[in-house]
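Place chain B on chain A using the hints.
Going down the list, the protein sequences come from chains A and B. Position 26 of the first sequence, counting from 1, maps to 327 under our numbering, and the rest follow consecutively. Position 350 of the second sequence, counting from 1, maps to 651 under our numbering, and the rest follow consecutively.
Any given hint could turn out to be false.
Chain copies aren't distinguished; within one or between two, either way the pair holds.
Below 27 Å or equal to it, Euclidean Cα-Cα: the simulated DSSO-like pairs (lysine-lysine) are [said to hold, decoys possible]:
id	residue 1	residue 2
1	Lys621	Lys475
2	Lys603	Lys377
3	Lys479	Lys604
4	Lys475	Lys493
5	Lys603	Lys684
6	Lys609	Lys529
7	Lys496	Lys609
8	Lys621	Lys609
9	Lys529	Lys314
10	Lys377	Lys435
11	Lys304	Lys377
Read the hints as simulated data drawn from the structure, not as lab findings.
Number of protein chains: 2
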Amino acid sequence: MRKVYLIAAGESKFGTQITKGYEELFADAFLEAMEQVENLDPNDIQEGMIGSLAFGGSQLGNMSALVADSVNLIGKPFARVENACGASGFAFRYAFYSIASGMNDIALAGGVEKMQDISKATRLYWFGVAGDIKWERLSGMTFPGNYALMATRHMHEFGTTREQITGAAVKNHKNASKNPKAQFRNQISLEKALKAPFVAYPLTVYDCCPLTDGASCAILASEEVAKKCTDELIEIVGVGAGTDHLALYQRDSLTRIEAAKKAAQQAFEMAKLTPQDIHVAEVHDCFTIAEILAYEDVGFCKKGEGGKMISEGITEVGGKIPVNTGGGLKAKGHPIGATGTGQIYEIFKQLRNEHVNQVNGAEIGLTHNVGGTGSACSVHVFKRAR
Amino acid sequence: MRKVYLIAAGESKFGTQITKGYEELFADAFLEAMEQVENLDPNDIQEGMIGSLAFGGSQLGNMSALVADSVNLIGKPFARVENACGASGFAFRYAFYSIASGMNDIALAGGVEKMQDISKATRLYWFGVAGDIKWERLSGMTFPGNYALMATRHMHEFGTTREQITGAAVKNHKNASKNPKAQFRNQISLEKALKAPFVAYPLTVYDCCPLTDGASCAILASEEVAKKCTDELIEIVGVGAGTDHLALYQRDSLTRIEAAKKAAQQAFEMAKLTPQDIHVAEVHDCFTIAEILAYEDVGFCKKGEGGKMISEGITEVGGKIPVNTGGGLKAKGHPIGATGTGQIYEIFKQLRNEHVNQVNGAEIGLTHNVGGTGSACSVHVFKRAR
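One chain only, chain A, in its complex shape (with noise of 0.2 Å):
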């Protein structure tokens, strides 16, 4: 199989952007990307995979050929990939098999989303589409529900506190605060997050992400296209994905998203690494619970012990793992099919020693991309050639 890289990467301020489309959006991203590399002609792009969820604005289905068009990049294959908030990590491993097959050189892997331009009852409504309609969402469960059930699940089988929960939040805003593309630049205190009004319980707004425009793109290339364009080169060396069951009822258990697992066990496998030697990563915090449930999947830590994670620091910037650099879907925000390639942004700029929360001697890092409430997964790891 052919090596791949990861040659550039770009995103648009996330938050709300009530003044560009997806269209626009789409193309900040590609532009930043753009200007990451050298010696690349944005012509030489081959095919496109595009992660949306909804995407919303104007199109309502076949945004694809829009996104191509507005990045001038008509005429070259573009489709849009599904899964949820697992959307765009799913559309750039497919981006990867083009370019390990060697039909393609180089090719675009991206998300975009509007979430902000439409009805508050919609935006509610949103999160829904994306859990189990059938028995969840039609019983009256709501996406915070979800998750908070697992929350506290986890206090209960491993003592898990609120202060650990909570205090993911903390730090991803702290992180974010330096990241002027995240929606939230403010820091809280964990004081202020645990007395807020709880949405679900144990979750307050502040363990909650919020609701984002945004987009993002990486650009993946063959080891001689790599090579012409620059000289920091990273490869793409694990490549893992999953499925679970859609609706909680049906899995065995409520603390562990097995499609994250199975999708960090095969992408350590292919990168002949373990999860010890990541260096820096990003995770799907789109609830605080969710981050400590990653590092669990991940193999950070063992099972029951990712609330320590926080409470000791461990992942904080400076610690052993740094996680969600910046921002998180927490702070930085979580456009939904943007995210997949966001995380992908973040560990690019690490990766180059170019981050604003840049941890020392980074040179593998990993995204970790969920779908719905854990019914997909993808996990990716980079390393940095030196």
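Same frame as chain A, now just chain B:
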């Protein structure tokens, strides 16, 4: 690059399927595919890509895990691929990549759509979401209207007649009459079809495909696995795809689908074949004029001569290049996301010498699957190894 083979295909009955959800429809298709192939444990399928525009039924987003669940493949990576009516052609493309790369040995590509269990108003809206919304739909354009523009322009430029255009429907109904899975099994006369009420001049109700519930799937495998599973090897020798502007007004020509031309050129180049080598084809006849454009875009005839292909019987079963031998979108039906792999199902049956309208000696087949009004197209070329 590794060779990739089509080792099985399956399809649900197409039409109005009130009593089946999309999970049940997909399971119908999958079970038929599993019957086609010996020595394959379904659990050895490593990944699935599922085409769908809006799938219908209860789930409104994040449906790929439910599809995986419906065929007991939960755990494996699954994602949805969307390119309007071209969705599962692109799902098949990504499944091809996954095996060509060496990452997978066996992959599933499929599609599913429920179009009948939603209100009539919503249904009329449906096709609109696949066209350009900002400039065309909001100005009152409909999908039949878009294709009617292409038809009148073709008549104006090349002297194509209504008899030639509508003749595609007569042919396809004739083919569907022998296909037990087809939505319409009635034959129609050219006279009756021409006198039917206009939907958008020159297209009458008989020039337009129906709204269809249905599912389809294909199993792809590496050479090693394919040889273990079957003696009847069908290689995927050509793969191509392209995009074009979503809105008609942005295109250079109304009588050419540029995305299809690009897709076909790529596929033939890769296959080292020409359009004249094709023994049987399935093309995207969402409206009769689309079939005539397909002949020209794929290269079965010169520009402007598509009408003659019909009036001279060249694409009839028994003609030089039989097209849409299963009945096409027009008469077999058009369950949007399931159409691409539904076409592949027909070619699979033809190259296995098992088709209801068998083309004698068919060894090389082609599929042509369009998204929107031509904003995307994928073309695949298949060759039976002898």
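(Q) Regarding Lys621 and Lys475, is the shortest C-alpha distance of 27 Å or less found within a copy, between copies, in both, or in neither? (A) within (17 Å within a copy, 69 Å between copies)
Q. Is the C-alpha distance from Lys603 to Lys377 at most 27 Å within one copy, between copies, in both cases, or in neither?
A. between (45 Å within a copy, 24 Å between copies)
Q | Lys621 and Lys609: within-copy, between-copy, both or neither at 27 Å Cα | A | For Lys621 and Lys609, only the intra-copy Cα distance (13 Å) is at most 27 Å; the inter-copy one is 72 Å.
Q. Quick one: Lys479 to Lys604, C-alpha cut-off 27 Å, is that within a copy, between copies, both, or neither?
A. neither (32 Å within a copy, 59 Å between copies)
Q.
My question is about Lys496 and Lys609: at a cut-off of 27 Å on alpha-carbon distance, are they close within one copy, between copies, both, or neither?
A. within (21 Å within a copy, 76 Å between copies)
Q. Should Lys304 paired with Lys377 be assigned to within, between, both, or neither, using CA atoms and 27 Å as the limit?
A. Both: 23 Å inside a copy, 23 Å across copies.
Q: State whether the alpha carbon distance between Lys603 and Lys684 is at most 27 Å within one copy, between copies, both, or neither.
A: Intra 24 Å, inter 51 Å, cutoff 27 Å: intra-copy only.
Q) How would you label the pair Lys475, Lys493 (within, between, both, or neither) given a Cα cut-off of 27 Å? A) Answer is within: at 14 Å inside a copy they meet the 27 Å cutoff, but 72 Å across does not.
Q | Status of Lys435 relative to Lys377 across identical chains (alpha carbons, at most 27 Å) | A | between (38 Å within a copy, 22 Å between copies)
Q: Measure nothing new, just compare the shortest in-copy and cross-copy C-alpha distances for Lys609 and Lys529 to 27 Å and report within, between, both or neither.
A: neither (44 Å within a copy, 50 Å between copies)
(Q) Reference check for the pair Lys529 and Lys314, CA-CA at most 27 Å: within, between, both, or neither? (A) neither (29 Å within a copy, 51 Å between copies)
In summary, the structure is inconsistent with hints 3, 6 and 9 from the numbered list given earlier, while agreeing with the others.
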